[in-house]
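Asker: Next come the chains, spelled out residue by residue.
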Amino acid sequence: MVLRRSSVTTALFYRPRETVLHKLNPLTKLAMILIITAVLFNTDNPIKLAITLTTVLILLHLGKVLRSSLVLMTTLLPMFALLFTVCALSWMYVADKPPTTAITIATLITTRLVILTLSLPILYSTTRLSDIARSLLLLKIPLSAVLPIILAYRFIPVLLRDLATVYESQISRGLSFRTKNPVKIIKNLVPVAIPAVIVATLRAIDLAEVLALRGVALKKVRSRPSITHYDVLLLAVVIAIATIPFTT
Amino acid sequence: MRNSSKELVIEVRDLWFRYSRESPWVLRGIDLELYSGEIVAIVGRNGCGKTTLIKHFNGLLKPCRGIVKVLGMDTRYVSTSELSKYVGIVFQNPIYQFSCSTVFDEVAFALRLRNLPSDVVEKLVNSVLSELGIVHLANRCPYDLSLGEQRRVSIASVLVYRPKVLVLDEPTTGLDYRSKLFLLNVIRRERERGCCIVLVTHDMEFLCELKPDRVVLMDDGKVIYVGDPREVMYSPELLSRCNLVQPQVPALSRGLLSARPLSAKEFLSEFMKMRDVSGTP
Ligand SMILES: Nc1ncnc2c1ncn2[C@@H]1O[C@H](COP(=O)(O)OP(=O)(O)O)[C@@H](O)[C@H]1O
Ligand SMILES: [Mg+2]
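Residue numbers (our numbering), protein chains in the order written: chain Y, 1 to 248; chain X, 1 to 281.
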């Protein structure tokens with residue numbers, strides 16, 4: 001369990017750049033992701049999936065966040081591997097499908113999630129958090145729903161740092177993960193998980209108190225991000241590409 | 001060069017370290033030797049790399065360049081859990097390590113990981129609890145304690161397996177005067193046992209009371225001075241270079257006394273001596 005913290009956290013957050021994608025209206029980018037999601041879950045054709053993936057990669061490239069997004073994906077690789085395995089096994093043993101069918105289904109589900117995850121940086125790596133929040137509020141989503149999302153997001157690097165600190169304290173006292181025995185690994189995760197959860201809870205309580213003290217309340221959104229011709233153009237392109245899977 | 005009866009426990013040779021390829025060097029060519037039975041204070045401003053340095057002592061971090069040896073073992077080739085038998089680090093914030101529901105279990109944590117029989121565990125835990133004056137807390141939950149008590153628990157949880165090197169990262173932050181005095185006595189007692197104590201701090205007043213054997217002054221990832229605490233405390237240039245303020249007793253004594261006391265007690269005895277000399281006609 002090595003937390004390559006710096007690369008993960010930089011990949012998870014807004015990177016200020018001067019690109020077309022950065023200048024788009026956040027709602028456009030949100031729409032793109034929704035469209036991509038819709039496409040992903042409405043096709044199982046490998047060619048159409050490949051086209052969607054290419055679109056995502058091109059968009060990430062346009063936003064100059066392709067490399068960092070791929071770094072993040074390599075970090076998440078074990079998670080996807082686990083997902084694939086669990087999926088394949090459950091289709092095989094729980095749903096009683098032949099192995100080839102089970103593996104095909106598991107591949108499809110994993111591929112969809114990989115592409116979906118990869119498409120998220122289109123929004124969050126190229127948009128200031130405050131702009132995302134403002135857009136969500138413009139969609140008439142109440143602050144009480146937006147704020148927790150924003151806070152949770154802001155919390156990720158803090159929690160990763162806490163987790164690393166806990167991990168370091170415990171292996172400094174002799175805890176070891178250098179074993180192949182899965183039962184032992186899970187057992188050894190407990191002394192890392194407990195302080196991590198407690199520290200996170202304490203932080204959350206502090207945060208809630210601070211927010212209450214400051215009298216967090218719903219405010220009117222003043223300036224709205226403008227819609228430019230880039231928004232129209234790129235949205236059109238994505239819609240066009242997205243329609244390909246539905247034709248034929 | 002040094003007292004030959006003292007064993008070299010940690011050897012740092014030209015250590016360079018940075019957290020990633022893109023980030024700047026945090027440690028730039030550190031050379032350091034730590035011996036058994038001595039108290040070494042590592043002092044320097046926030047962010048100068050003290051915590052980064054001590055994380056090399058048990059292999060949590062591995063050098064980008066240079067070598068760190070613990071009892072002759074190169075940390076690059078030994079796991080942290082193995083090195084932790086010899087080097088105990090007490091981190092700054094105790095709550096990051098509390099994973100048990102009672103103080104007793106928390107202190108027994110490291111021993112149980114080493115699969116010691118339960119009667120031995122009980123004996124060792126009880127003796128360290130009484131050393132640190134927290135026997136009465138044995139059945140309390142670590143999270144419910146005051147910071148001073150939590151710090152004692154975290155020190156106990158490391159001392160319990162008697163490491164050869166005890167590293168304390170800023171142990172005095174947030175402690176009241178009494179707790180600091182208690183800590184001072186714990187540190188001195190461990191030194192008597194032959195333990196090497198590394199104290200990371202910028203609490204200069206505490207250091208004047210403790211009078212460590214050596215002070216390591218760090219600035220911007222480099223060691224800029226190693227030596228006698230008196231030299232450091234009486235050198236305002238050296239201190240200001242590290243963004244540190246001269247502690248009260250040395251500041252008061254400069255220009256007033258020819259001797260160089262560190263603690264208030266020393267100051268008083270020197271002051272009395274001077275008054276006796278000048279007071280007699
Ligand atoms: N995990 C980390 N990742 C990246 N940079 C770090 C990390 N930990 C510390 N640093 C940086 O290294 C430098 C030294 O930090 P640290 O060793 O904690 O200093 P000190 O303990 O002397 O206050 C700081 O500039 C800090 O920002
Ligand atoms: Mg520090």
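If you are wondering where the hints come from, they were derived from the structure by calculation, not from laboratory data. Among these hints, one or two may not hold up.
[To be verified] Pairwise CB distance ranges, derived in the manner of DEER restraints:
id, chain 1, residue 1, chain 2, residue 2, range
1, Y, 89, X, 78, 51 to 57 Å
2, X, 115, Y, 204, 50 to 56 Å
3, Y, 204, X, 141, 28 to 34 Å
4, X, 11, Y, 100, 55 to 61 Å
5, X, 147, Y, 212, 44 to 50 Å
6, X, 231, Y, 204, 22 to 28 Å
7, Y, 157, X, 16, 36 to 42 Å
[Stated by the list, open to error] Anything over 12 Å on all C-beta distances counts as not near chain Y; from chain X, calculated:
id, residue
8, 37
9, 112
10, 238
11, 248
Glycine included, every Cβ here is placed at the ideal spot set by N, Cα and C.
Asker: Let me make sure I understand: some of the numbered hints might not hold for this structure. Which ones are they, in numerical order?
Answerer: Violated hints (numbers, rising): 1, 2, 3, 5, 6, 7, 9; every other hint is consistent with the structure.
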